[in-house]
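Novice: The numbers in our numbering rise by one with no breaks, and the one at position 220 of the sequence shown is 224.
Some hints here could point you the wrong way.
Straight line, CA to CA, 25 angstroms or less: simulated PhoX-like cross-link-like pairs of lysine-lysine [to be verified]:
no., residue 1, residue 2
1, K214, K201
2, K49, K188
3, K27, K162
4, K190, K28
5, K201, K257
6, K139, K201
7, K139, K27
8, K184, K28
9, K162, K184
10, K188, K257
11, K201, K184
12, K184, K160
13, K184, K214
14, K139, K162
Pairwise CB distance ranges, derived in the manner of DEER restraints [claimed, not checked]:
no., residue 1, residue 2, range
15, R219, I70, 20 to 26 angstroms
16, A33, K162, 29 to 35 angstroms
17, K27, G228, 37 to 43 angstroms
Keep in mind the hints are simulated off the structure, nothing from the lab. Small disclaimer: the values here were computed from a predicted structure and weren't measured. The beta-carbon is built from N, C-alpha and C at its ideal position, and this holds for glycine as well.
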Amino acid sequence: MNETLIYREDGAVATIQLNRLQKKNSFNAQMRQEMENLLHDLARKAAIRAVVITGGDEIFCAGADIAEMEGTSSAEAAYQHAREFQLLFDQVESLPQPAIVAVSGWALGGGCELALAADFRIASETARFGLPEIKIGAFPGGGGTQRLTRLIGVAKAKEMILTGDPIAAQEALAIGLVMKVTSKEKYLEETNSFAAKLAALPRLALQASKMLINRSQEVDLATGLELEARTFGGIAHTRDLAEGTKAFLEKRKPNFTGY
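Turn these sequences into a full structure, and let the hints guide you.
Specialist: Here is the structure:
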């Protein structure tokens, strides 16, 4: 039973909602553990084809619970604290299913880093993204210095991290931090619609594509091309590929089963 998260399934789409509103949805140890357990289970669920992560309409996530920071005065404790966040967000990034974060209001610190680990980000017009750690003498330690740079480039990442100033939804859209901005009333509707679209696609090809794109950031081109070809060979005999090919030739909509 989760106390800090709300979990629900709607067909092939799973939704994880942060639920510590009294603490601005900040991450404490319990929330990290509950999310870790959920993500571990979701990675094994073939019936779930897309995952949505969201918070509240006024605030997505304020980052780490500052009350926990008092126990990170030693170098080793601070290292372990950072690694706990990094490993959690690694789980989001490595989910077999595409992960979509729906943001309304503030996404700060670890909240912003959580959003960076997802495959897609959809924001309401009230969304604000920021990594303000520099203002208390720190820097983003949950993957922010690495993922933000890969997502929006070195110059803009430096601007956000070194100043600590947040950016509004439209600027986040302009620099490629989010894929879409909608009204506050419709951001969840748009997110769920997009998740359903992804969930209707052939599961194995979708998962393979996500894995290959993620790995492309880690390997040289020749290695990436070899991995791509080998993976393509691995899905050559799937039912969905046969169905998709047949449907194309018969000029009809394919009926994908996920296998």
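Novice: Take the hints in turn and mark each one as holding or not.
Specialist: Hints, one by one, checked against the model:
For the given pair, K214 sits about 15 angstroms from K201 by alpha-carbon distance, which is consistent with the 25 angstroms threshold. Restraint check for K49 and K188: the C-alpha separation of about 31 angstroms exceeds 25 angstroms, so the hint is violated. Between K27 and K162 the CA atoms are separated by roughly 29 angstroms; this puts the pair beyond 25 angstroms, and the hint is violated. Pair hint K190 plus K28 holds up; C-alpha atoms about 22 angstroms apart against a cutoff of 25 angstroms.
Restraint check for K201 and K257: the C-alpha separation of about 14 angstroms stays at or below 25 angstroms, so the hint holds. Our distance criterion of 25 angstroms between C-alpha atoms is broken by K139 and K201, whose separation comes to about 40 angstroms. Taken as a hint, the K139 and K27 pair is honoured in the structure, with Cα atoms around 20 angstroms apart against an allowance of 25 angstroms. This hinted pair checks out: K184 and K28 have alpha carbons roughly 24 angstroms apart, not beyond 25 angstroms.
Distance restraint check for K162 and K184: the Cα-Cα separation of roughly 23 angstroms lies within the 25 angstroms cut-off, and the hinted pair is therefore satisfied. For the suggested pair K188 and K257, the alpha carbons sit about 34 angstroms apart, so the restraint of at most 25 angstroms is broken. With a C-alpha separation of about 15 angstroms, the suggested pairing of K201 with K184 holds against the 25 angstroms cut-off. Simply put, K184 and K160 have alpha-carbon atoms about 19 angstroms apart, close enough for the 25 angstroms limit, and the pair holds.
Between the alpha carbons of K184 and K214 the distance comes to roughly 19 angstroms, so the proposed pair stays at or under 25 angstroms and holds. Using a Cα cut-off of 25 angstroms, the hinted pair K139 and K162 holds, with the two alpha carbons roughly 14 angstroms apart. Judged by the Cβ atoms, the range 20 to 26 angstroms given for R219 and I70 is violated: they are separated by roughly 36 angstroms. Evaluation of the 29 to 35 angstroms hint for A33 and K162 yields a pass: the beta carbon distance comes to about 31 angstroms.
For the pair K27 and G228, the supplied restraint of 37 to 43 angstroms holds, since their beta-carbon distance comes to about 42 angstroms.
Checked against the numbered hints above, the structure breaks hints 2, 3, 6, 10, 15 and satisfies the rest.
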